[in-house]
Amino acid sequence: MISIDIVLLWLDLVGVFFFAVSGSLLAARKQFDIVGSVLLASIVSLGGGAIRDVVINAGPPVAFTNPVYLIPPLLAALLVYFLFSSVQRFTSLLTLFDAGGLALFCITGTLKALTSGMNPVAAILLGVTTAVGGGLLRDITANEIPTLFDARDIYALPAFVGAGLTTLLWHLGLFSGLTACLVAGIVFAFRVTAWRRSWYVPLAVRGWQRGGTGAGAISGARD
Amino acid sequence: MISIDIVLLWLDLVGVFFFAVSGSLLAARKQFDIVGSVLLASIVSLGGGAIRDVVINAGPPVAFTNPVYLIPPLLAALLVYFLFSSVQRFTSLLTLFDAGGLALFCITGTLKALTSGMNPVAAILLGVTTAVGGGLLRDITANEIPTLFDARDIYALPAFVGAGLTTLLWHLGLFSGLTACLVAGIVFAFRVTAWRRSWYVPLAVRGWQRGGTGAGAISGARD
Amino acid sequence: MISIDIVLLWLDLVGVFFFAVSGSLLAARKQFDIVGSVLLASIVSLGGGAIRDVVINAGPPVAFTNPVYLIPPLLAALLVYFLFSSVQRFTSLLTLFDAGGLALFCITGTLKALTSGMNPVAAILLGVTTAVGGGLLRDITANEIPTLFDARDIYALPAFVGAGLTTLLWHLGLFSGLTACLVAGIVFAFRVTAWRRSWYVPLAVRGWQRGGTGAGAISGARD
Numbered sequence: 001m002i003s004i005d006i007v008l009l010w011l012d013l014v015g016v017f018f019f020a021v022s023g024s025l026l027a028a029r030k031q032f033d034i035v036g037s038v039l040l041a042s043i044v045s046l047g048g049g050a051i052r053d054v055v056i057n058a059g060p061p062v063a064f065t066n067p068v069y070l071i072p073p074l075l076a077a078l079l080v081y082f083l084f085s086s087v088q089r090f091t092s093l094l095t096l097f098d099a100g101g102l103a104l105f106c107i108t109g110t111l112k113a114l115t116s117g118m119n120p121v122a123a124i125l126l127g128v129t130t131a132v133g134g135g136l137l138r139d140i141t142a143n144e145i146p147t148l149f150d151a152r153d154i155y156a157l158p159a160f161v162g163a164g165l166t167t168l169l170w171h172l173g174l175f176s177g178l179t180a181c182l183v184a185g186i187v188f189a190f191r192v193t194a195w196r197r198s199w200y201v202p203l204a205v206r207g208w209q210r211g212g213t214g215a216g217a218i219s220g221a222r223d
Numbered sequence: 001m002i003s004i005d006i007v008l009l010w011l012d013l014v015g016v017f018f019f020a021v022s023g024s025l026l027a028a029r030k031q032f033d034i035v036g037s038v039l040l041a042s043i044v045s046l047g048g049g050a051i052r053d054v055v056i057n058a059g060p061p062v063a064f065t066n067p068v069y070l071i072p073p074l075l076a077a078l079l080v081y082f083l084f085s086s087v088q089r090f091t092s093l094l095t096l097f098d099a100g101g102l103a104l105f106c107i108t109g110t111l112k113a114l115t116s117g118m119n120p121v122a123a124i125l126l127g128v129t130t131a132v133g134g135g136l137l138r139d140i141t142a143n144e145i146p147t148l149f150d151a152r153d154i155y156a157l158p159a160f161v162g163a164g165l166t167t168l169l170w171h172l173g174l175f176s177g178l179t180a181c182l183v184a185g186i187v188f189a190f191r192v193t194a195w196r197r198s199w200y201v202p203l204a205v206r207g208w209q210r211g212g213t214g215a216g217a218i219s220g221a222r223d
Numbered sequence: 001m002i003s004i005d006i007v008l009l010w011l012d013l014v015g016v017f018f019f020a021v022s023g024s025l026l027a028a029r030k031q032f033d034i035v036g037s038v039l040l041a042s043i044v045s046l047g048g049g050a051i052r053d054v055v056i057n058a059g060p061p062v063a064f065t066n067p068v069y070l071i072p073p074l075l076a077a078l079l080v081y082f083l084f085s086s087v088q089r090f091t092s093l094l095t096l097f098d099a100g101g102l103a104l105f106c107i108t109g110t111l112k113a114l115t116s117g118m119n120p121v122a123a124i125l126l127g128v129t130t131a132v133g134g135g136l137l138r139d140i141t142a143n144e145i146p147t148l149f150d151a152r153d154i155y156a157l158p159a160f161v162g163a164g165l166t167t168l169l170w171h172l173g174l175f176s177g178l179t180a181c182l183v184a185g186i187v188f189a190f191r192v193t194a195w196r197r198s199w200y201v202p203l204a205v206r207g208w209q210r211g212g213t214g215a216g217a218i219s220g221a222r223d
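Chains as they are written, first to last, in UniProt numbering: chain A, 1 to 223; chain B, 1 to 223; chain C, 1 to 223.
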């Protein structure tokens, strides 16, 4: 039987890779060079986990101590360099890879918090922080308004759902590689469907109209 | 007699609430949705304290471990959602709530540093960092030039005054709930008066003129 | 004979001063006031080291505990205030001081990691993070696109070279005040030459053209 640790490491590495690709794609769209592509891929893919490790006081973040975590960002930058010269739909791809990272990181972040002895509420919060932290760093670093705050989009809710389900499964003793993949699938489907169907939640003030950014962006599906 | 710990917890929670309202107001002004409002309220109100706790190595920040700290941001987002649909003067309100948070956090941040055994200079610096850190995170996240650096405004000096007075009172053995409220009042009055009267300090280079943003913004009072 | 600790402290303080001047110069260019100048100088000069100390779990960052680290930012803000009123070429000066900070911080950051027992790869990564972290914070705080990601420039590679050489010298037992200055000279020369000659590396996607920002910025030398 496969141990939880191995499952966690693999989910984490795949999540790191997904986020790294989203970072390299943003670097490409912003006309950064190949070194900037590696750096932005590293910041987005390793930043969320670094915040998590610093918060739970787990010693130096794995990103610094375990060199295997450097492979995904390098791989992502190379992949984007060689394969995406003819790609037009950067935004769609960026959103899909970002959703993959989000789905996996809300699980691994929550689990790390639970196994280090935090209470359920704290574990959910830390899972969400891990999941949205890397993307937030990516958007702040590249001087963009963070996706996290895009009112035409749902980004944090899927991470809350994933962190909540992970905590529930853990306390019921049902967490395994299989149920982890199931939760990741739910989070990914929620995030991507919300994006394609342009689901949205009410604005920060009751009765305010959405505007400025175009009605089509709200009612219609996006590519 | 009320213990220092209880006074500190309440001052901290009220400060968290003030900063949270400023976050939700900025979210409203930037047309974020209700989830973004809760998140920005959380970042501004809990971010400064989280930086402080990570710096003094106090274990996981209270924001993650004590669920009571989640109530102010949720309350702030709800309040802004239901009460501010007809409000025009977001900027004034935002500044007032932000000043309230600043006044309380420079006290609680300094005290936490003093009680964890740091020297007076370090305690003042950490108090100021706690007080201005949340607002800085808020403005960076929302992709604005931080209020902290607005040359038409005085923002960091009141926090230094508050942290300095707190350190002085502590070392004289005069710190209590009463003197804490007094210091908070001084910091709040200094910050708000500087803002309404448009007090300012010299620019970063001697002999340079203020310009571009309008002379009226410097000499006249603002609403 | 001078101990490594003394060499390190001095290299660190000089690096802090260089970065602080770059912060005050950016504050001047962005029309911040004198308080904002001190704060931005502090953020850029002490931020990279604070990130390093938090990551290696070295207790509160020296910036908070050792008051001597407050002298360089104060000195830098005063210097810029009194001396630069007639200076036109802010960008050139900013780049030179920034390069000086980069050259010294990639050495001191790497050494701190090595002496706290990290492996060579982790030490190089932490050295680079220390060197580029302060400047990244400076540019994010001032709401600019980070120099680190400017595709017309080479910024991270010199830091990698410096961190790599430092690690090599350390493991060969050849690290001393003399070789440290040699490495700093190489990093500084690499960074400044790359900037003056407008060296660049390929963009993030193969076959893409540099454009928009002007061909002259790429092929010609800058002042």
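Simulated from the structure, these hints should not be mistaken for laboratory data. Any given hint might turn out to be false.
Selected chain A positions facing chain B (in silico; Cβ < 10 Å) [claimed, not checked]:
no., residue
1, V55
2, T129
3, G185
4, Y200
Every residue gets a Cβ at the ideal spot worked out from N, C-alpha and C, and that includes glycine.
Do the hints match the structure? See the list:
1. Hint on V55 (chain A) holds. Least Cβ distance to chain B is approximately 6 Å, under the 10 Å limit.
2. Of the supplied interface hints, the one on T129 (chain A) holds, with its beta-carbon coming within about 8 Å of a beta-carbon of chain B, less than 10 Å.
3. The restraint placing G185 (chain A) at the interface with chain B is violated, with a minimum CB-CB distance near 22 Å, outside the 10 Å limit.
4. Satisfaction of the interface hint for Y200 (chain A) is found here, the shortest Cβ-Cβ separation to chain B being roughly 6 Å, below the 10 Å cut-off.
Taken one by one, the earlier hints fail for this structure only at number 3.
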